[in-house]
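Use the sequences and the hints to build the structure in full.
Each chain, letter by letter, is given below.
There are 2 protein chains.
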Amino acid sequence: MLKKINVLEKFSLIHEYYQPHIAAELNGQAVKLVKSKGEFIWHHHQHEDEMFLVVKGRFRMEFRDAEGSERHEWIEAGEFIVVPRMVEHRPVADEEVWIMLFEPAATLNTGNVENERTVRELGRV
Amino acid sequence: MLKKINVLEKFSLIHEYYQPHIAAELNGQAVKLVKSKGEFIWHHHQHEDEMFLVVKGRFRMEFRDAEGSERHEWIEAGEFIVVPRMVEHRPVADEEVWIMLFEPAATLNTGNVENERTVRELGRV
Numbered sequence: 001m002l003k004k005i006n007v008l009e010k011f012s013l014i015h016e017y018y019q020p021h022i023a024a025e026l027n028g029q030a031v032k033l034v035k036s037k038g039e040f041i042w043h044h045h046q047h048e049d050e051m052f053l054v055v056k057g058r059f060r061m062e063f064r065d066a067e068g069s070e071r072h073e074w075i076e077a078g079e080f081i082v083v084p085r086m087v088e089h090r091p092v093a094d095e096e097v098w099i100m101l102f103e104p105a106a107t108l109n110t111g112n113v114e115n116e117r118t119v120r121e122l123g124r125v
Numbered sequence: 001m002l003k004k005i006n007v008l009e010k011f012s013l014i015h016e017y018y019q020p021h022i023a024a025e026l027n028g029q030a031v032k033l034v035k036s037k038g039e040f041i042w043h044h045h046q047h048e049d050e051m052f053l054v055v056k057g058r059f060r061m062e063f064r065d066a067e068g069s070e071r072h073e074w075i076e077a078g079e080f081i082v083v084p085r086m087v088e089h090r091p092v093a094d095e096e097v098w099i100m101l102f103e104p105a106a107t108l109n110t111g112n113v114e115n116e117r118t119v120r121e122l123g124r125v
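Chains A and B, in that order, are what the protein sequence lines are. Using my numbering, you'd call the opening residue of the first sequence number 1 and step up by one each time. Using my numbering, you'd call the opening residue of the second sequence number 1 and step up by one each time.
Certain hints may be false.
[As the list claims (entries may be wrong)] Computed list of lysine to aspartate or glutamate pairs in DMTMM-like fashion (alpha-carbon distance at most 25 angstroms, straight line):
{"no.": "1", "chain 1": "B", "residue 1": "Lys37", "chain 2": "B", "residue 2": "Glu16"}
{"no.": "2", "chain 1": "B", "residue 1": "Lys4", "chain 2": "A", "residue 2": "Glu116"}
{"no.": "3", "chain 1": "B", "residue 1": "Lys3", "chain 2": "A", "residue 2": "Glu95"}
{"no.": "4", "chain 1": "A", "residue 1": "Lys4", "chain 2": "B", "residue 2": "Glu116"}
{"no.": "5", "chain 1": "B", "residue 1": "Lys3", "chain 2": "A", "residue 2": "Glu116"}
If you're looking for bench data, these hints aren't it; they were derived computationally from the structure. Remember, predicted model here, so these are calculated numbers, not experimental data.
Below you can see the structure in the form of structure tokens.
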């Protein structure tokens, strides 16, 4: 892929919430774009770290430790957070947020949980 | 690392050109921030793909194929390009540009070339 990619242009092709789309792949990792609104589900990833870079809007990343105690971090446009493997987390967006994800290409959006929100076949933009 | 990272804040800590600084690591990859101005050198990476996301400013990525024929692509703020392994490339910035890189943590900035522009010990921000 030797064409540049315009991030906002790619986001304009996405019309559903919580449906990650692959924008690029490199070194076994994928750049995924997702529009989110509302609460996602609690989950973790057994072997993968995930990076969330906010392009537009903001969201709250909630964390829960083994004892069940919770905390959260607000991620605004121009900010990112890395969620290490095994850390229980839940993204919550009160308003629409545009997020660029970096994670292994094969990472499932719902991690250890598989339910109706799991996306197995990712679209491409 | 469960603290969010503000990208512009991290860039404000960098005061030299062509000195990549590590802002985060995940899955064996690193997020590196670099301020560039001027011509870099022609090089390639044998085993690593590299992603260049422009945060501020613009630069020109030049490409050269095995026959020596060249082309280039302008990458503007909000755009990125993935340079696959083995592709000969040279970033050129007429004005200061702020770039976020995604590549394996161990990738050398000058790839197959080692000279006075090679940075072996990366700073962290």
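We went through each hint and held it up to the structure:
1. B/Lys37 / B/Glu16: Since the Cα atoms of B/Lys37 and B/Glu16 sit roughly 10 angstroms apart, the hinted pair holds (cutoff 25 angstroms).
2. B/Lys4 / A/Glu116: Answer violated: B/Lys4 to A/Glu116 is near 29 angstroms, above 25 angstroms.
3. B/Lys3 / A/Glu95: Given pair B/Lys3, A/Glu95 holds - Cα atoms ~22 angstroms apart, limit 25 angstroms.
4. A/Lys4 / B/Glu116: Given that 25 angstroms is the threshold and the Cα spacing comes to 29 angstroms, the pair is violated.
5. B/Lys3 / A/Glu116: Between B/Lys3 and A/Glu116 the Cα gap is close to 30 angstroms, so the pair fails against 25 angstroms, i.e. violated.
In summary, the numbered hints that this structure violates are 2, 4, 5.
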